[in-house]
Amino acid sequence: GDSVTQMEGPVTLSEEAFLTINCTYTATGYPSLFWYVQYPGEGLQLLLKATKADDKGSNKGFEATYRKETTSFHLEKGSVQVSDSAVYFCALSESQGGSEKLVFGKGTKLTVNP
Amino acid sequence: EAGVVQSPRYKIIEKKQPVAFWCNPISGHNTLYWYLQNLGQGPELLIRYENEEAVDDSQLPKDRFSAERLKGVDSTLKIQPAELGDSAVYLCASSMGQGGWHNEQFFGPGTRLTVL
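Note that the protein sequences, when read in sequence, are chains U and R. Going by the numbering used here, the residue at position 4 of the first sequence is 4; the numbering climbs one at a time, nothing skipped. Going by the numbering used here, the residue at position 74 of the second sequence is 74; the numbering climbs one at a time, nothing skipped.
It should be emphasised that the hints constitute simulated quantities derived from the structure, not laboratory data. All values reported here derive from a predicted model rather than from experimental measurement. One or more of the hints may lead you astray.
[What the hints assert, rightly or not] Straight-line distance between alpha carbons at most 30 Å, and here's what the computed BS3-like set of lysine-lysine pairs gives:
hint : chain 1 : residue 1 : chain 2 : residue 2
1    : U       : K106      : R       : K71
2    : U       : K106      : R       : K15
3    : R       : K62       : U       : K60
4    : R       : K78       : U       : K106
5    : R       : K11       : U       : K109
[Said to hold, decoys possible] Just so you have them, the derived chain U footprint on chain R, three or more residues with Cβ under 8 Å:
hint : stretch
6    : 78-89
7    : 107-113
C-beta: ideal position from N, C-alpha, C; glycine also.
Go ahead and model the full structure; you've got the sequences and the hints to work with.
Listed below in structure tokens is the structure:
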């Protein structure tokens, strides 16, 4: 079945450092790909998404490009802030919009120190 | 606009006791999801509703778990009897419905269940 593998955490960075969180997937079809973020004490929030190969999702300085050839959707940010400290989940959905179930990775906890 | 509302936020019960979680989706959202999130893991779908109909309940352990979505709005997830391994966060999400390119799932804050 479908699955998502993301890099083990936790990740600790200093403010303004470059962030990469790796995510690879296995799917039978052509899934839509998502990054969700969970801030402490809050629910999951959609950070960005991409629905077809070579699409780049971006939001709040974060970016991820849908790479079909490497089945990857790595999350990047050029300069992290303390407020980016959260748990990040990579996910896929076989439906174009994500209306069917989301399959999540295990999550990567990011801590950014001042 | 109000988001997805869940209650209670926290619940502590003894094993073998029943427990119920409630979810109120975003107004106008036809699709409702219940996910289970174990500690250190990503959420896993338990059940998905399209209006009143459960269209995907393949991952719901039907021997002890049940869910309902009367009138296609609010939903309740029940566990009876609870076991130690049920300790987790139960997440509810909603979306506008099938189809479309912007059918984002919106998540509630979750109910953290502890079974003693």
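A quick look at each hint next to the structure:
no.	hint	verdict
1	U:K106 - R:K71	violated (34 Å)
2	U:K106 - R:K15	holds (27 Å)
3	R:K62 - U:K60	violated (41 Å)
4	R:K78 - U:K106	holds (25 Å)
5	R:K11 - U:K109	holds (25 Å)
6	78-89	violated (count 0)
7	107-113	holds (count 4)
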